[in-house]
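Take these sequences, add in the hints, and give me the full structure.
Quick note, the sequences are listed as chains A and B, same order. Just so you know, numbering that gives the first Met the number 0 puts 149 at position 150 of the first sequence, and the rest follows in order with no gaps. Just so you know, numbering that gives the first Met the number 0 puts 188 at position 189 of the second sequence, and the rest follows in order with no gaps.
Because the hints were derived from the structure by calculation, they are not lab data. A portion of the hints provided could be inaccurate.
What the hints assert, rightly or not - Reference excerpt, derived from the structure (chain A facing chain B, CB under 10 angstroms, subset only): (1) LEU24; (2) GLU49; (3) LEU61; (4) LEU62; (5) ASN72; (6) ASN73; (7) SER78; (8) ARG82; (9) GLU84; (10) GLU91; (11) VAL92; (12) GLY99; (13) VAL101; (14) LEU117; (15) ILE121; (16) ILE174.
For glycine and all other residues, C-beta sits at the position ideal for the given N, C-alpha and C.
Number of protein chains: 2
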Amino acid sequence: MSKPDNNIFPIHDKLLDRRSKEQLLQQRSKVLWFTGLSGSGKSTIANEVERVLHQMGHLTMLLDGDNVRAGINNNLGFSEEDRKENIRRIAEVAKLLMQGGVVTICCFVSPSEELRQLAKDIIGKDDFIEIYVNTPVEVCEQRDVKGLYAKARRGEIKDFTGVNAPFEEPVNADIVLQSGIMSIDGCVKLVLENVMPKIGYVKTEKKDDFFVI
Amino acid sequence: MSKPDNNIFPIHDKLLDRRSKEQLLQQRSKVLWFTGLSGSGKSTIANEVERVLHQMGHLTMLLDGDNVRAGINNNLGFSEEDRKENIRRIAEVAKLLMQGGVVTICCFVSPSEELRQLAKDIIGKDDFIEIYVNTPVEVCEQRDVKGLYAKARRGEIKDFTGVNAPFEEPVNADIVLQSGIMSIDGCVKLVLENVMPKIGYVKTEKKDDFFVI
Chain A
0 MSKPDNNIFP IHDKLLDRRS KEQLLQQRSK VLWFTGLSGS GKSTIANEVE
50 RVLHQMGHLT MLLDGDNVRA GINNNLGFSE EDRKENIRRI AEVAKLLMQG
100 GVVTICCFVS PSEELRQLAK DIIGKDDFIE IYVNTPVEVC EQRDVKGLYA
150 KARRGEIKDF TGVNAPFEEP VNADIVLQSG IMSIDGCVKL VLENVMPKIG
200 YVKTEKKDDF FVI
Chain B
0 MSKPDNNIFP IHDKLLDRRS KEQLLQQRSK VLWFTGLSGS GKSTIANEVE
50 RVLHQMGHLT MLLDGDNVRA GINNNLGFSE EDRKENIRRI AEVAKLLMQG
100 GVVTICCFVS PSEELRQLAK DIIGKDDFIE IYVNTPVEVC EQRDVKGLYA
150 KARRGEIKDF TGVNAPFEEP VNADIVLQSG IMSIDGCVKL VLENVMPKIG
200 YVKTEKKDDF FVI
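What follows is the structure, given as structure tokens:
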């Protein structure tokens, strides 16, 4: 045990920053934000993107309704105020993860430009990759994996996006997936082609520095 | 582009779970929860623990007042209800990180057994390592790095733990650091000796399996 220092509180030279984490993980961290109707294929595509990135050795984390509404946002409902707070907290968590070096994948309907802009403002435009899963509502309703469209049509769900609440088409999406006419594999490929150069890196001669490929 | 599948929504064999992330990172994820008075040395010790773990190749993330109150919890005050919600959200974020394979370090006064138990319940007792930084209030007040004790004594801060609000001694701490009489280095060493066996792993002959050392 070394000498006690009751009154002296050392200031650390340098706390660990995002770059230290990125270097450890040998990746650049970004947030992939999937937006689109319920049943559009967001989660299916995002899960497959995550699986491929993981197989390539990237550390990823996926936030969706399942892990967020059951945890950090389990005290939020679906009022306009709560929907905004839902997205705000998700974006803050995504930002924390990104600052920790993690490639973070978010899957949320986020039906308005205001909500998507809120997320983008929190995360920062340079790190926010907006991916619009553009599937016609008729296709989503026909799939109706969770039976939510049927419920909404019967009036059992109020303000259900695509049935009795609007979905504003994203005007600033970085990637648009026409998932009604493209295969899942095609969508995944398109996302990866766009994302890979943004999260990869090449170590340079100069110590502790790296550039995006 | 492969054949479109408008109506078929594939179910994935297996989503990425915590173990996949732990294997990628070659570590077991845990939550290190530092509790103690303001000025007790929580952040100093925790930052140093993080730095050492990072140098050893572990992926860590540190949550403290600075990054949490400025972000995810920027709409919370210091009422009893808000303090509880503060800890609840932090614990949920820590759980998410842990499920993503990250060794997560939390530094919060968390002055009551109820608050610490809340965090433990959310994170799960097997993954929650409670570290009590036990520094006498006189030492903390003498340090008063942030000038908060002086403010509290002048009545400018209400319900300041250690001055005009109680700190309940943890009864279930996994590690107790007598930081008033131990050096910072000694505290860091004690934490690492306890934590290292819990986050390390040895790969076995059997593919995709590993055990704690």
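- prompt: Checked against the structure, which of the hints given earlier come out wrong?
  reply: Structure breaks hints 7, 8, 14 and 16.
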